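Chemist: Here are the chains, one letter per residue:
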Amino acid sequence: MRDTVRKLAATGMALLYGLWSVVAAHGYSFNQIVPDVRQPASVSGGSACPIPSHQLVAPGSIAVQWSTVLGANPQTIRTSDQTPTGSLNEIEGVIQQSLGVWTGVAGTSLTTSSLGPLTRVSTANICGSDGLNSICFDQPDMAFTPGVLAFTRVITADAIGIQVGTTVSTEVGQILDADIYFNQSDSTVTFATPAALSANPKSYDLESILTHELGHFLGFSHSGVWSAMMFPFAPAPGTFTGVRPTVLQPDAPLADDDRTGLRTLYSDPNDTLYVGSIQGRILPANLLSLPTAPPGVTGIFGAHVVAVDVSTGNVIAGTLGGWSCKAPGPVQFDGSYLLDHLPVGHSYSVYAEPLNGAVSPSDVTNALVTLCRNASTDTGWPPAQGCVVPSVNQEFTTRTRPSL
Amino acid sequence: MSYVQRRRFLWVLFLIGMALVAIVAKGTTLARLQFYQLVQHSSAIARVRCVRVDTRLENGEIWTDTVFQVVQHDKGFLPQEIVVRMPGGKFQHLHSHVDGVPEFHPNEEVYLFLTGHPGRQFYIVGWTQGTFRIRKDLRSGMETVTQDSADMPVFDPQMNQFTKTGLKNLPIDRFLEKLNKEIYRQSL
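Residue numbers (the numbering used here), protein chains in the order written: chain D, 763 to 1166; chain V, 401 to 588.
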């Protein structure tokens, strides 16, 4: 059966098939930052290749505080336990559970030991650029408009030695502050813990929303895979049918796309199971179809490339392809994609699909438009390390060329 | 692989796909707003042209202020030039990322569903949901409108293909007809 599956994978559904190899990771849908190469190499690294935003994972390095001040009119967070202490314990349990979803993924360097203390703060408005990771349920913010349930502000630095509050960057791309805000300004929006959800059918599921926001907190952008935790839309109140974390499988709510992304972002050097890669290029049949500006575009940019496990039909990973980078940079828009940290011993079909629609797909802005810096965006940027992000190529169809 | 094996295999794929489709998306930042809700929540709706984009640090937070020239307003009253504020941006060595925030480029024309008051910054209702990009076909000159949140391709394992939602490539006259009809309906 395995042979036939492999044959089917190679000849059947795939529109585009890549090559197996084990290479360094880049890509997926992460928030990216280009180091400030105008600074000495000792603080910038000297390369203009984008670096995904990431938390440090040394033991105890990810500390989180949360404000116990909850909305009162209406109460933003609905809990099953109505006593003041019980309610806070229930909310804190959800926070711990949601953090555990991400630290429960096998094959990553992000583990429970990476987490510092989860502390309660009894004052309001603790979210802000202070170098402390915070979760706020009752902090007003002008950014909230109808339809925005929650968002995460993630602050990274493009050089070493940059300070935000009490935190100083020791790596480029290090997340210095990540704050999660829940919408408290809309009287029609409430959130309920899993225990309280059935009794509050008009509330959004707190746990899954928090888990999604923690994905941003860890450096993820959005995913185009429907089943992914990082898909940007919530089910309407009363329609939540997702999976809950369990003791045996704390990462149960995640999709394989999320897990693969996490393994790429926080790779474990000792991992031997998730070390497969599929890479390839998406090239136009007619080079004249490529944009003439900016110069140097040699492949399709912004394609959504998805790997599907042939034996299960599960989407294992999706990435936004179209570029590669080799030190000292800048990014080359050569149509490259890389799906990294895939489980070995499986066969995959790879599909590529355009992000049809507007010029710059806004839901994945941070994963695309942040790939380049140049003299227009940053005064004094060295031309040799500058580039311009082309428009996302949204009009193409794909054919299989296995030899590429 | 024999015909029977292949058929069995495809059935297995189909059933797995069905199971996956039943799992509704779990993550969120945005609650999906219907078109009438976008209109309802907007204090102003206008066709605007991006003039410039500024980033500023205010009360310790980084904000991106985009200055737009108002080309035509369909709901509410707006001055000739407005500032639309979104969270995040780049300020000196700090980069503040907020996902789901629309980004604009000078000279780009869009329809925006706005909330706010003249004299102060405006905000976009539902962020990408209240942002409709205008594209002009260079050959025919025809303009179409696409909602930013309609860009997100959704992989459907049942069909083994991507599907999309939201308003896409709608001819501008049809968009305006839909918009004006909804504004009129809500004014009754």
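Hints are supplied without guarantee of correctness; some may be wrong.
Partial pick of chain D residues on the chain V-facing surface, computed with a CB cut under 7 angstroms [unchecked claim]: (1) Val910; (2) His978; (3) Ala996.
Bear in mind the hints are in silico, worked out from the structure with no lab data behind them. Predicted model only: the values in this text are computed from it and were never measured. Where is the CB? At the ideal position from N, CA and C, for every residue including glycine.
Chemist: Against each hint, give a clear statement of whether it holds in the structure.
Modeler: Evaluated hints:
For Val910/D, the interface hint holds, since its Cβ comes within 7 angstroms of a Cβ in chain V; the closest pair sits about 6 angstroms apart. Checking His978/D against chain V by beta carbon gives a least distance of about 6 angstroms; that is within 7 angstroms, so the hint holds. Given hint, Ala996/D at the interface with chain V, holds; its Cβ is 3 angstroms from that chain's nearest Cβ, closer than 7 angstroms.
In summary, this structure violates none of the numbered hints.
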